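Asker: Each chain, letter by letter, is given below.
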Amino acid sequence: MSPDTNPVTDQGSEPISGPEAEATGVSFQFRFDGETVRAENGQTIGAALIAAGRRSWRRTRVGGAPRGVFCGIGICFDCLVVVNGRPNNRACLVEAAPGDLVQTQEGAGHDDLAC
Amino acid sequence: MVGAACAYYCSLAGLRVTVVERGAIASGTTAACEGNILLSDKEPGPELDLALLSSRLWREAAEAVGAERLEYQPKGGVVVAAAEPTADGLRELTAVQRAAGIDAVDISAAEVVEREPNITRDVVSGAYYPQDSQVQPMLAAARLLREARARGATVLPGTEVTGFVRDGRGAVRGVRTNSSSAPVIHGGSVVNATGTWSGQTAGLAGVPVPVLPRRGFILVTEPLPRVIRHKVYTAEYVANVASGSAALETSVVVEGTRAGTVLIGASRERVGFDRSVSLPVLRKLAAQAIAVFPFLAEVTLLRSYLGFRPYCPDHLPVIGADPRAPGLLHAGGHEGAGIGLSTGTGRLIAQVITGAEPDLDLTPFRPDRFEEAAA
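The listed protein sequences correspond, in order, to chains V and B.
Counting in my numbering, the first sequence runs from 7 upward without gaps.
Counting in my numbering, the second sequence runs from -1 upward without gaps.
Chain V on its own, in the form it takes in the complex (with noise of 0.2 Å):
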């Protein structure tokens, strides 16, 4: 069974196999707001997304604008992602890996400490 056709119940911790695979390396799913997401070793969450024809991932506190990479180097903080429950990780600088829970983030991410 290919992992492209059953991605819900595959939790993406099995290389893919076929000519696509041994082009590339060792490849491997993760999920993103419910959808799968091939990544492959070594590559971000941000390179992941952007290879799966993402652009955007995330909308500013204040104005609701589009963000996604911008510096791609760690230092603006545009294209955060909540990781495994854990918000504002930069997803240009995260390494992806099997099985993780990536999330569109909400404002701050961290509305729970409001007061």
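For the record, the hints were derived by calculation from the structure and aren't laboratory data.
Keep in mind that this is a model prediction, so the values were computed, not measured.
Treat the hints with care, since some could be wrong.
To give an idea of the interface, some chain V residues facing chain B are shown, with a C-beta separation under 7 Å as derived from the structure [claimed, not checked]:
#1 94
#2 110
#3 114
#4 117
#5 119
#6 120
#7 121
In this text, a Cβ means the ideal position worked out from N, Cα and C, and glycines have one as well.
Please build the complex by placing chain B on the supplied structure of chain V, with the hints as guidance.
Answerer: Just chain B, lined up with the frame of chain V:
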């Protein structure tokens, strides 16, 4: 910030002002601080008098130009004591402060938690200071300069003062600069408002003013929702501000900003103008802040920055005319309180130049007091 405030109040007084800035606007200590306007850390004396005047003037300036344009936030301050002896000391301090005109309210541990829900429960007691407030310092400096320009002032960034112009009697009547378009700028009075570099500038006129750097680091967290409501610090902070020690001293000062970042200070070290980053100091600041606000342990830091507070040996600023160099005035050496004290300083400088009666007695701030002390 002090220079911008001098320009603002001098232009309000009808004077024609030229601001000569070595770097970019607000590029000195103004860009490396927290924007505190505090009464809570002051003990009775000339600095408190200046702080009370300045606090009132900040409120008036916010009304005049728009609070949002300065990010002026009259959020109040909360000082916490974590141990009984500190709590006793804090109660003694607030009693003295109340007698001197500060609105200082003793509050219980429960009231501290009510004001700051995210604070540690290991608090013995606290004090609440409704008058403590905050501005975004760079924004405030730029806005006051813009207001001054609207009244005819000229602002020359990227222009360094290289010397003073003297008239036949030796009085200061302008400055020389490194600018080819404005190599000489004439003026009836020259105000030295060069912050931590005031001593060097005064040296160009041959009049020693002992302003020295006291280094401080600040940590900046990722943007958060409002998690800290007031300016919060520990009672040890007041003792450290007044300390004469050269060794590293740290105390917790934490506050939120309009942008959502939380600023964590404060360290004090006398290491000259050494800009190297000290990881042990950053670690200590973080650990102390987590002790007061445990949730910070799960929060990421974006960066840190450092700055140099301008301090004088007696911890008072230098404000007023210099009798050793007629025509030259000083407005510097405000240590860690330059933002807060800038408005009062600017108003006093404008009053001295226009010959008006100053709002405060300037004797404690006179520039030549250190020579008298040495003699």
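Asker: Taking the hints in turn, state whether each one holds.
Answerer: Hint-by-hint comparison with the structure:
1. 94: holds (5 Å)
2. 110: violated (16 Å)
3. 114: Result: holds, 5 Å to nearest chain B Cβ.
4. 117: This interface hint holds because 6 Å falls under the 7 Å limit.
5. 119: holds (5 Å)
6. 120: holds (4 Å)
7. 121: holds (4 Å)
Against the hints set out earlier in the document, a violation occurs for number 2 only.
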